[in-house]
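**Q** The primary structure of each chain is shown beneath.
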Amino acid sequence: MQVLKVRCRKVLLLIVVKSISVGFQINTSFKSFAYSFELWYSSLKQIEGHFGSGVATYFKYFRWMFIMNFLISIVALLFVVFPQLLFENFTTLTAISKNIWFNWEVKRSTNNDTFKINDLFTAEGYFTDTILFYGHYTNGTIKLISTQEYSMPYAYFFTTVCVYIASFIVLSLRMAKSYRKSFIETQDGLKNNFAHKIFCGWDYSVATEKAANLKVSALFHELKELLSESLETVQNTSCLQQFYTKVIQTICNIIIIFLLGGTGCVLWLLLKENTIPMNKSSANVGIIIAIVINIIMWLFPIAFSFIVHYEDYKHPRAALYITLLRTFLLKIVLVGTFLGFWLKHSTKQKCWETAIGQHIFRLILFDFFFSVVLASFVNAVCYLIYKNVWKGIGTPTFDIARYTLQLLYNQTLFWVGFYFSPLLAVVVVLKLWVSWYIYRTCTLKFCEPYSKSWKAAQTQTLFLILSFLSLLLVIITLGYIVVDVEASKCGPLRNYSFMYELILKGIFQLEQHNVFWKVLMYVTKPGAVALILLAMCVAVYYLRAKTLAQKEL
Amino acid sequence: MGQGNSQFSEEELQDYEDLTYFTKKEVLYAHQKFKSLAPEKVGHNKNAKLPMSKILQYPELGVNPFGDRICKVFSSSRDGDCTFEDFLDMMSVFSDNAPKAVKAEHAFRIFDFDGDDMIGTSDLQQVVDRLIGSNQLTEAEMQHLIQKILEEADLDDDGALSFAEFEHIIDKSSDFASAFRIRL
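One line per chain: the protein sequences are A and B, in this order. Heads up: the first sequence begins at 1 in UniProt numbering, then just goes up one per residue. Heads up: the second sequence begins at 1 in UniProt numbering, then just goes up one per residue.
Just so you know, the hints here were simulated from the structure itself, not pulled from any lab data. One should not assume that every hint holds.
[Unchecked claim] Below, simulated DSSO-like cross-link-like pairs (lysine-lysine); rule was C-alpha separation at most 30 Å, straight line: (1) A:Lys210 / A:Lys445; (2) A:Lys45 / B:Lys103; (3) A:Lys445 / A:Lys177; (4) B:Lys24 / A:Lys224; (5) A:Lys210 / B:Lys103; (6) A:Lys177 / B:Lys100; (7) A:Lys143 / A:Lys350; (8) B:Lys103 / A:Lys177; (9) A:Lys210 / B:Lys24; (10) B:Lys24 / A:Lys45; (11) A:Lys60 / B:Lys103; (12) B:Lys72 / A:Lys45; (13) B:Lys72 / B:Lys33; (14) B:Lys25 / A:Lys177; (15) B:Lys46 / A:Lys60; (16) B:Lys24 / B:Lys100; (17) B:Lys41 / A:Lys551; (18) B:Lys24 / B:Lys46; (19) A:Lys445 / A:Lys431; (20) A:Lys210 / B:Lys33; (21) B:Lys100 / A:Lys224.
[Claimed, not checked] Computed footprint of chain B on chain A; a stretch qualifies when at least three of its residues, placed anywhere within it, have a C-beta under 8 Å from a C-beta of chain B: (22) 197-211; (23) 241-249.
The model shown is predicted, which means the values in this text are computed figures rather than measured ones. A virtual CB, placed ideally from N, CA and C, is assigned to each residue, including glycine.
Given the sequences, and given the hints that come with them, work out the whole structure.
**A** Structural data, given as structure tokens:
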């Protein structure tokens with residue numbers, strides 16, 4: 001009897017424990033669901049554990065870009081694409097319908113071209129006159145709700161402009177914050193090499209044995225290097241030696257400039273050669289050019305890192321930054337030449353805005369095939385060769401600089417293209433979404449962590465500065481397009497010969513007694529402008545004096 | 001939120017939220033992690049005390065050369081054994097939201113092996129030894145290294161680093177806050 005009682009109690013206890021644990025399981029699965037709101041949390045943790053915070057910085061930057069593009073795509077969908085869809089697919093019935101709210105019926109859409117599979121890659125043919133591109137958007141107003149009007153030209157123009165301004169502000173704030181954190185607040189920190197290596201050397205987020213061993217040996221080698229440098233006492237490099245290094249560096253820089261200029265010229269000629277017979281379908285040309293650009297972007301960075309070996313920079317970090325800067329310049333030259341050519345030669349085309357949108361679309365698509373799919377495939381092959389055939393090849397390392405510039409290139413293209421194709425935001429979001437999983441898997445499976453430690457915070461700042469610069473350049477270019485390039489007879493702004501006239505018309509439409517109008521008139525008076533400028537100068541002077549005074553303290 | 005099913009009452013969670021840099025959700029998540037170190041113990045007693053060897057099974061702590069030091073600093077009984085509250089405290093200090101000063105204070109205590117509130121030469125030597133693992137520096141190199149560190153950081157030339165001096169150095173490092181961090 002006693003035994004039975006005990007057993008009974010045990011069973012009861014077991015049931016209680018089980019139910020608690022089941023309850024806890026449900027609870028925790030809910031928790032982890034709520035947790036997944038921090039996007040890609042577990043992947044980030046995994047990457048951090050395997051590779052340390054340096055590589056994780058790249059992935060965090062990636063995630064940030066993804067979220068930003070996601071928000072942009074929502075805005076674009078809500079304010080531009082959705083109204084356009086409504087306009088296309090529904091038509092207003094009679095104006096004096098009894099039902100005020102739902103006085104519209106479904107309209108049949110018309111598209112002359114039939115869909116072909118290769119249109120997916122060229123974005124031409126069927127896609128030319130779809131919601132993807134500028135040319136398709138209407139210049140009319142949408143009156144679905146009888147008393148309210150929704151003017152597509154204004155919606156299109158101001159939505160895109162707001163997106164650019166918002167991303168500009170966000171990016172500059174982030175850059176300023178990061179710059180302050182990693183450069184200004186730590187201004188005198190560079191002297192404390194040893195103390196920093198010792199006290200801040202360990203990356204606490206490292207979680208695997210392999211990564212920890214790598215970290216230990218990296219730290220050891222860096223300490224050895226630092227020690228031998230400081231023990232050797234400054235060996236004076238001879239004047240001749242210094243002169244020699246300078247000459248080599250100058251020559252290399254000249255070579256690079258010629259290379260970049262040459263690339264620009266060749267690309268220009270290539271574009272010209274292929275587009276002179278205008279009757280030829282430009283789709284194939286577009287594909288060829290997209291492929292050429294991607295190949296250039298593969299080969300040149302390799303050449304740059306080859307050249308930098310001969311330049312004999314004192315610090316490996318300097319060499320890295322120089323290579324980064326050169327690669328960045330290469331990308332600017334490529335995109336710039338491309339855009340310049342199309343602005344010069346295709347503005348006579350029927351709908352050049354759509355044409356530019358299509359080019360950008362192709363570039364983004366082929367960038368995906370080359371830099372995401374193909375690069376990951378090459379990584380996998382290298383890894384397999386290393387594992388099974390030949391150890392000499394070495395495992396592929398995760399090259400943060402290359403990956404970040406790739407991301408930046410993609411983002412620059414997107415910023416250029418967004419004005420001509422609002423749905424590009426969705427395309428880019430999808431691309432980044434897929435890329436994330438490919439990159440993550442590829443990195444965790446096939447890549448080795450960097451053997452050198454990576455100054456995450458400062459590099460992050462550099463990347464932010466570069467993205468800021470590229471956005472600035474894009475905005476300047478778009479500003480030029482809006483003000484100085486004649487708009488074609490398609491798209492939402494077809495009623496205006498220049499795009500900026502929309503703004504002027506918008507402002508002149510305001511009635512004279514409108515408060516905004518009054519304020520605007522008042523602010524643009526010469527006296528007011530002078531006053532504002534003066535106030536700004538005083539503020540700048542004051543802030544400068546203050547910083548100087550604080551420096552002296 | 002279904003928190004009624006958890007081992008914590010609403011008030012306890014509120015207290016934890018107030019006392020750490022975590023939200024309630026994160027506190028529960030931390031407890032899940034703590035429980036996974038020793039499910040049989042923590043299942044009965046949510047605040048069970050786990051021996052240091054168990055705590056060191058946490059991946060980030062296990063491979064950390066200062067893992068045992070971290071446990072000792074955060075252990076309320078000072079022997080490295082941690083209750084859930086100690087563990088929560090630890091994770092909270094290592095979280096993103098903890099201010100730099102708090103992180104610096106704990107880093108100081110981790111590096112202060114002999115507990116005399118100063119990082120002296122013997123402490124420095126131990127730190128370096130742990131950081132380079134099985135690799136060896138020569139005696140001369142070690143001496144030079146320690147001398148260099150003191151040159152850089154020891155402002156009052158007493159041969160040891162006080163907390164103020166340590167914090168001053170840490171403040172100038174852009175990477176400390178991002179390095180002294182463990183994702184929950």
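**Q** For each hint, tell me whether it holds in the structure or not.
**A** Consistency of the hints with the structure:
For the given pair, lysine 210 (chain A) sits about 14 Å from lysine 445 (chain A) by alpha-carbon distance, which is consistent with the 30 Å threshold. About 20 Å separates the Cα atoms of lysine 45 (chain A) and lysine 103 (chain B), which keeps this hinted pair within 30 Å; it holds. For a cut-off of 30 Å, the pair hint linking lysine 445 (chain A) to lysine 177 (chain A) is broken: about 34 Å separates their Cα positions. Between lysine 24 (chain B) and lysine 224 (chain A) the alpha-carbon distance is near 46 Å, which puts this suggested pair outside the 30 Å criterion.
This hinted pair checks out: lysine 210 (chain A) and lysine 103 (chain B) have alpha carbons roughly 26 Å apart, not beyond 30 Å. A threshold of 30 Å between alpha carbons decides the hint, and for lysine 177 (chain A) with lysine 100 (chain B) the separation of about 16 Å falls inside it, so the pair holds. A threshold of 30 Å between alpha carbons decides the hint, and for lysine 143 (chain A) with lysine 350 (chain A) the separation of about 29 Å falls inside it, so the pair holds. Of the pairs offered as hints, the one joining lysine 103 (chain B) and lysine 177 (chain A) holds, with about 20 Å between alpha carbons and a cut-off of 30 Å not exceeded.
With a C-alpha separation of about 34 Å, the suggested pairing of lysine 210 (chain A) with lysine 24 (chain B) is violated against the 30 Å cut-off. Distance restraint check for lysine 24 (chain B) and lysine 45 (chain A): the Cα-Cα separation of roughly 20 Å lies within the 30 Å cut-off, and the hinted pair is therefore satisfied. Distance restraint check for lysine 60 (chain A) and lysine 103 (chain B): the Cα-Cα separation of roughly 22 Å lies within the 30 Å cut-off, and the hinted pair is therefore satisfied. In summary, the hint linking lysine 72 (chain B) to lysine 45 (chain A) is supported, as the alpha carbons are separated by about 25 Å, within the 30 Å threshold.
For a cut-off of 30 Å, the pair hint linking lysine 72 (chain B) to lysine 33 (chain B) stands: about 19 Å separates their Cα positions. Of the pairs offered as hints, the one joining lysine 25 (chain B) and lysine 177 (chain A) holds, with about 29 Å between alpha carbons and a cut-off of 30 Å not exceeded. Proposed proximity of lysine 46 (chain B) and lysine 60 (chain A) is contradicted: the alpha carbons are some 34 Å apart, above 30 Å. A distance of roughly 22 Å separates the Cα atoms of lysine 24 (chain B) and lysine 100 (chain B); the hinted pair therefore holds under the 30 Å criterion.
With a CA separation close to 57 Å, the supplied pair lysine 41 (chain B) and lysine 551 (chain A) exceeds the 30 Å bound. A threshold of 30 Å between alpha carbons decides the hint, and for lysine 24 (chain B) with lysine 46 (chain B) the separation of about 16 Å falls inside it, so the pair holds. Using a Cα cut-off of 30 Å, the hinted pair lysine 445 (chain A) and lysine 431 (chain A) holds, with the two alpha carbons roughly 21 Å apart. For the proposed pair lysine 210 (chain A) and lysine 33 (chain B), the alpha carbon gap of about 22 Å is at most 30 Å, so the pair holds.
Taking the CA atoms of lysine 100 (chain B) and lysine 224 (chain A), the gap is about 29 Å. The hint holds against a cut of 30 Å. Judged by the Cβ-Cβ criterion of 8 Å, the stretch 197-211 of chain A is covered by chain B as claimed, because 13 of its residues qualify and three suffice. Counting residues of the stretch 241-249 of chain A whose beta carbon lies closer than 8 Å to any beta carbon of chain B gives 0, which falls short of the minimum of three for the stated coverage.
Of the numbered hints given earlier, the model fails hints 3, 4, 9, 15, 17 and 23; all others are met.
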